[in-house]
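Based on these hints, arrange chain Z on the given structure of chain W.
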Amino acid sequence: NAGVTQTPKFRILKIGQSMTLQCTQDMNHNYMYWYRQDPGMGLKLIYYSVGAGITDKGEVPNGYNVSRSTTEDFPLRLELAAPSQTSVYFCASLFSGNTIYFGEGSWLTVV
Amino acid sequence: KQEVTQIPAALSVPEGENLVLNCSFTDSAIYNLQWFRQDPGKGLTSLLLIQSSQREQTSGRLNASLDKSSGRSTLYIAASQPGDSATYLCAVKILQGAQKLVFGQGTRLTINP
Chain W
1 NAGVTQTPKF
11 RILKIGQSMT
21 LQCTQDMNHN
31 YMYWYRQDPG
41 MGLKLIYYSV
51 GAGITDKGEV
61 PNGYNVSRST
71 TEDFPLRLEL
81 AAPSQTSVYF
91 CASLFSGNTI
101 YFGEGSWLTV
111 V
Chain Z
112 KQEVTQIPAA
122 LSVPEGENLV
132 LNCSFTDSAI
142 YNLQWFRQDP
152 GKGLTSLLLI
162 QSSQREQTSG
172 RLNASLDKSS
182 GRSTLYIAAS
192 QPGDSATYLC
202 AVKILQGAQK
212 LVFGQGTRLT
222 INP
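These protein sequence lines map, in sequence, to chains W and Z.
When the count follows my numbering, it moves up by one through the first sequence with no breaks and lands on 111 for the last residue.
When the count follows my numbering, it moves up by one through the second sequence with no breaks and lands on 224 for the last residue.
If we strip away everything but chain Z, and leave its shape as in the complex, we get:
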């Protein structure tokens, strides 16, 4: 059974710092991996999607990497801003069945001005 873990559960950093969020998964047989942002009281917004054949994806100040062999992904946020404060979740799409996603518990990020 695929399990996805995100550590730490919460992170607080000063504005302007570069930071890395971690995601690990137990089964390397994945279709893709996605990073999501969730603001309080809102749904999830997809930030980056990395296909299993890719090593990384970039969007603006965000860079996500994928190492299938070690079961790890990182989300790098450059020059953090208070508006980046949110919960970040990663999810892997498993190969079996109807393209189901398995989610981590999320990392609650706070950027202090």
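One chain only, chain W, in its complex shape:
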């Protein structure tokens, strides 16, 4: 049981490039989330999904897009990367009402 798996772990992007952060969970959880964490700050919600085919914006969605074609996968797309998107990104999942599980994080630097 792998839990929540994120790839890549580290990535350096140039301004204007695009990339996708992958997230997969094998616990059959219906809810999935993408958060970003800036140094010394808490986590801010980017996008979330309540099930396959359903996504919605969180607190800081600008510059990002998501899709949820299957229960297991919830990729986060960065379009036209900007220095302000330098952060640590965490994917998480939970089954209604229960404990939330986090991936190990993806460190992204935009230069």
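Treat the hints with care, since some could be wrong.
Pairs of lysine-lysine residues, derived as BS3-like cross-links and limited to a Cα-Cα distance of at most 27 angstroms, are as follows [claimed, not checked]:
hint, chain 1, residue 1, chain 2, residue 2
1, Z, Lys211, W, Lys9
2, Z, Lys153, W, Lys44
3, W, Lys9, W, Lys44
4, Z, Lys179, W, Lys44
5, Z, Lys112, Z, Lys211
6, Z, Lys153, W, Lys14
7, Z, Lys179, W, Lys9
8, W, Lys44, Z, Lys211
9, W, Lys14, Z, Lys204
10, Z, Lys112, W, Lys57
11, W, Lys14, Z, Lys179
12, Z, Lys153, Z, Lys204
13, Z, Lys204, W, Lys57
14, W, Lys44, W, Lys14
15, Z, Lys204, Z, Lys179
16, W, Lys57, Z, Lys211
17, Z, Lys153, W, Lys57
By construction, these hints were calculated from the structure, which means they are not laboratory data.
Structure of chain Z alone, referenced to chain W:
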């Protein structure tokens, strides 16, 4: 809008001491409150989850309390050890919408041998 605050931002104590970490939130309409541990370069691990109807939860040397009416939670760590050094975050699950969590900024705890 729900806001979660953790004070202090950093705390350093000698090994063996009992300590309390604080978490406050502005809206008492919460589903539950969780405390997490985050080690450097790692994701978050859930330590304790308190449902809105509960007053406290215990796990080993950890005890978390919840006072919804005052918008406060505390995490008590007994007989602290160097291995407890980490950042501790609290998060409340709001009632509206898709079970979203609102996080505090975290308290960076250092236990000195």
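These are the hints, each one checked on the structure:
1. Lys211(Z) / Lys9(W): The hint holds at about 24 angstroms.
2. Lys153(Z) / Lys44(W): Distance of about 17 angstroms is within 27 angstroms: holds.
3. Lys9(W) / Lys44(W): 19 angstroms, holds
4. Lys179(Z) / Lys44(W): 23 angstroms, holds
5. Lys112(Z) / Lys211(Z): With Cα atoms ~12 angstroms apart, Lys112(Z) and Lys211(Z) stay inside 27 angstroms; holds.
6. Lys153(Z) / Lys14(W): Cα-Cα ~25 angstroms, so holds.
7. Lys179(Z) / Lys9(W): 38 angstroms, violated
8. Lys44(W) / Lys211(Z): 10 angstroms, holds
9. Lys14(W) / Lys204(Z): With a Cα-Cα distance of about 36 angstroms, the restraint between Lys14(W) and Lys204(Z) is violated, given a limit of 27 angstroms.
10. Lys112(Z) / Lys57(W): Holds - the C-alpha atoms of Lys57(W) and Lys112(Z) are around 16 angstroms apart, at most 27 angstroms.
11. Lys14(W) / Lys179(Z): Violated, because 46 angstroms separates the two Cα atoms, which is more than 27 angstroms.
12. Lys153(Z) / Lys204(Z): Distance of about 22 angstroms is within 27 angstroms: holds.
13. Lys204(Z) / Lys57(W): Holds. Lys204(Z) to Lys57(W) sits at ~16 angstroms (cutoff 27 angstroms).
14. Lys44(W) / Lys14(W): 23 angstroms, holds
15. Lys204(Z) / Lys179(Z): Roughly 13 angstroms between the alpha carbons, so the hint for Lys204(Z) and Lys179(Z) holds.
16. Lys57(W) / Lys211(Z): 11 angstroms, holds
17. Lys153(Z) / Lys57(W): 25 angstroms, holds
Checked against the numbered hints given earlier, the structure breaks hints 7, 9 and 11 and satisfies all the rest.
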